[in-house]
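From the two separate chains plus the hints, produce the assembled complex.
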Amino acid sequence: MSSHDELASLRQAALATLILEQQQEEIDRARRSSNMLSDGQRKKRAEEVRDATSSTYRWLTKFTKTYNPHWKEQKLAGPYLPFPDWPFFPVLLEYLEDDTENVKLIEKSRTMMVTWAITGYFTLQAMLVPEREIVIQTMTDEKGEQPIEYAKHLWQSQPEWLRNEFPLKEGKPVDKQPKNEFRFANGSVIFGIPAGAGKIRSYHPWGYFNDETAFQAEAGVAYDEALSACKKLVLNSTAAAGWYFDFTNDSEMAEATA
Amino acid sequence: MSITLLQEAIKRLNDVPPQTPFEVIRGVTIRRKKKGLTVMRIHYTAIPDRDPETPKGKEWFDHEYARYASKAMWRKEQEIDAYATGGEAVFGSVLGNEQLYQVVVISDPLWSPYTHIPGAGVVAGFDHGVTNATAMLKGYVPRESFDPKTGRRNPPELYLCGEFYRFRSNEWQNNVDENVAEMKQMPDLERARWIKADPSIFYDAVATDKGAPTNIYQTYKKNNMWPMTPYDGVRSDVTFVEWVMSDWWRGIANGRKPRLYIVCRNPSDRPQPGLHPYDCPNLLWEMKRAKRVQMTSRQLLTKNPSEALQNKNNHLCDCFKQVLGTLRNPTEIPVDEEINEALAGLDAATGSMPARFLMSKLALQGKIDPQTGKPRNKKGARQIDLRRAPGVVAQHR
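Chains as they are written, first to last, in my numbering: chain A, 1 to 258; chain B, 1 to 397.
Everything labelled a hint here was simulated from the structure, so no lab data went into it.
It cannot be assumed that every hint is accurate.
To be verified - With a cut-off of at most 30 Å between alpha-carbon atoms, the simulated DSSO-like pairs for lysine-lysine come out as follows:
#, chain 1, residue 1, chain 2, residue 2
1, A, Lys62, B, Lys56
2, A, Lys62, A, Lys231
3, B, Lys35, A, Lys231
4, A, Lys199, B, Lys35
5, B, Lys58, A, Lys75
6, B, Lys149, B, Lys184
7, B, Lys33, A, Lys231
8, B, Lys149, A, Lys199
9, A, Lys231, B, Lys71
10, B, Lys56, A, Lys65
11, B, Lys71, A, Lys72
12, A, Lys199, A, Lys44
13, B, Lys374, A, Lys199
14, B, Lys210, A, Lys65
15, B, Lys34, A, Lys199
16, B, Lys222, B, Lys210
17, A, Lys75, B, Lys71
18, B, Lys56, A, Lys75
19, B, Lys34, A, Lys231
20, B, Lys71, B, Lys257
21, A, Lys172, A, Lys199
22, A, Lys72, B, Lys257
23, B, Lys58, A, Lys72
24, B, Lys374, B, Lys361
The model shown is predicted, which means the values in this text are computed figures rather than measured ones.
Extracted from the complex, chain B is given alone in its bound form (with noise of 0.2 Å):
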């Protein structure tokens, strides 16, 4: 009995790995999924009279293709692409538009922080996970510029470049020791300004068999991760979504330079975990799908239609909020280098001057010791209470 052309595209289904697709016809391919079932995809080439390769299908094409409105909705309608539009419109106006996906997302394979943003401070931000993913977001910030024009200070840019991304699988249990294994792989984290992470890892919450409870950055600090702080900055989605598009991309659709780039030279329609020393796939990846929250037609009854996004595949968008929340504030420079920085090139004959004044104003802003000079570490410079001046305490009397 002869074999259809179906049945022999799922029988050689069974000698390649999940998601190959095999074309049964034009225009028509059948897939497995991971656990066993198989996809049908029926693309307008399947039709002889649509297929642009036959003079009728052609016309068809240059006919259809004209009508839609962008290339991202033709691509999501007519080429079964469903993130081609970027998600429900969260990100979508930026990383759906194909011009404005290149300004944004950095795909020369020749681009290096080293190169291109030289001296560039590095920051990151982390989100511990069990059965989710455990995600580090690494960030570059160039050193800050000067409008040569108005001689104001440049607002600070961003570049995302580098993540790490683990759940659990078969092959890989995310248990913490080999997760910190492997993020030490990661380039530049050991000379990271600040490493932020979710609060709640830090909460003493985990019960030890002697002792007090103790919490899960213990576990990190055992394991010898980097030393990373609380975030203490904003946490709602909506705040994060407001500053990604209208102030860090902001006026990017009328050609004003983005302030934020990502760097990707490998995107993928699924998560790919591991290590990407130099590469953000999966936080495109979580970017394409971020969604706002769905509402039943029950809840809209009662409630405001909700602007929060779901809670659902943001690991790396959470490190993410963590990096843009704690550069709000200023990037600090470390003492050292600003220090060394200033005294470069002075001659030791009128060097002192300047010299002087700059460990007057490190002193001044708390930054440095006024009696040993040495960084303080955040410690604050010491202050005279003159609320304890025994002059002012008898004005009071």
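Only chain A is shown next, with the shape it has when bound in the complex (with noise of 0.2 Å):
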């Protein structure tokens, strides 16, 4: 090899090695972690951390909180409370969490707060997983909103530490960021979309979210065109005849026949 080569590949060496530094100094940076704390402080931090995310049942119900416009009548301590510990909560989660099938279906009673908890699910894997895209389509674009702003509250309501830990898109705090849109410093997103067929066609998301499927037009149609795009697939809803309670229940005559 001649002395030039050497040179040339001992520059590409180089300016690999700068290109990886400036990556580590700006995901540091992002971070907010790398340089206030000792070496000793930064371990404890991310047992912590880790700890705190260690299930989406224990982020919950330890290190964020909901808020409740009805606490006043429920004589509740305030508004912004941590997760109910309701013993379904980790059955639940349980089986969001369980990677064995890719598609969940759930139906439940009104008001059981259900849509937070699968939210909540979501907005973790968000912070943890970096290019996390999900999104959650709902009846209405303004229903879409609902959800991620489920979602904002929860990120917004961890301690500090933990939202430096996982921080928002550089220059997006939560209130510049739009109401159908959710942005991580890690790339993760969480888009808002309305209900109906060839609405989740422009995305290609890992997560896909259909709360109240039962009452959205076109419910089978999107649930489809999700299922060859999406890695995990939640579908939730209260009772109302449609597409849904038949796909549940093999009602279908579709599902029937084949």
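Right, here's the structure in full:
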């Protein structure tokens, strides 16, 4: 190998190292975690973060809060409270976290906070895993904004050290983000879209959450469209006559025929 | 490593048939669909403070239950009964109302057409399907009766009591021959006054190896199906719903007696394929799901909201429409039956006068041949065409 070639390869290696260092610096800057803490503190913080995010249930019940507009009538201590310790939450969240099946179908009574729990699951996934794209489909545009609002609230209600650990996209604090979008510094994003066929076609998300499916027109078509693109699908609804409850009950003629 | 309650429940789903729910914890069940996906159901009793078995839950239940406008709405919202309010209000105001449901749906296991409406005539509607369901609906029309106060004839009543419902599946090919063999087990169909079928099965649209095209009805005939005639009544779904709600079930909310009853001792949330000799679970299933066509927001900008029903899972409803649409015309009673009934109980000495009067009346109505006195099988009596009478012709000239 000539000296010229050696020099070129050395320069290439140096450039690669420089790029890697710059990327690491960017990540550290974004996480705001490297510059202030000692090694021991960093190790302890990492342990704490790992513990706080070890399961969705732990994170929801201990490290973030929901809001309840009926807190006064329900004689609660305040509007912002951690998730209630209802016994079905661990079962529901275990069901969501289980990866043996990628489609999760849920039927529920009214006001069970299931939408909050599922949004919590997807929010934590977006925080933990870089470049997670998640789509939440609801009845209307306005309704689509609500789970995004839940996600933003859950993120914001964390202790500061957890917020620092999972920062939002630079220059995009919560109040500056669009109502139907929630972006993280790690590249993850949660979108809210309205009901209907063809609405998911321009996205290629990892996660798909269809809320109140039984009340959505063309929910069956939307589900089929999501099926080919998404890795985790959660359909959740209270009861209403239509495709969803026919589908879950195998009452649909197409289902019965096949 | 210990196994969780959920894992245990999912594991046990492998040993039970599809759609069998398994309770994970109080209020939370999991079941498996036919194709393997699991469904989690979260009932309000999963929250201890809402479980009526706890004092606090009982308080919550009493308070919340009283707030709902109807029991059906409670069932839909809290008991996760999607069809509690009966589809999207097509037949919902009757079938979704528990009291009215009991008025129009006969659930008495001892009810029988032979003891409760003896001598009722039998009518039927038929809908042919290949991948869709093949369906037949049987109805009993009680003999005509008169109001003792006014002397006027009471409007006809109809008891839907028996159905056949089959669609293609792994176990059933839905072929004509096997369907006919099962349909012929339907009691009383051999004496049906008519079986109306979708006119399309009478069109010569089926290609044959040789010669002219044939029709689907010929296949039924070859398999010895009871004779069927094409339905020639109104085909509009909107009119059909109007008939049921505004005519046959008119005023039932105000205590009026319905004229239409559905016999069903075995209602179900999903199709029950097969022959149901004296029950209509699939008809009730279809009626509860009958929905109006849903229009997109773009269509609503340019069109009026549609009142049509969705053309889906409506095979027995089509049969029902054929039965009702044909019954709009007075139900024909076989002449033999009419004569026998009129002559029953007459003695030989005085019987000849009313018998002669009856024969003249029937001859004038074209039901019997005036020469032979035999039934003319709807061919009509001989008529003299006055237009060809020489006198009339001469007058015109």
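Just pull the numbers of the violated hints for me, sorted ascending. The structure breaks hints 6, 8, 9, 12, 13, 14 and 22; every other hint is satisfied.
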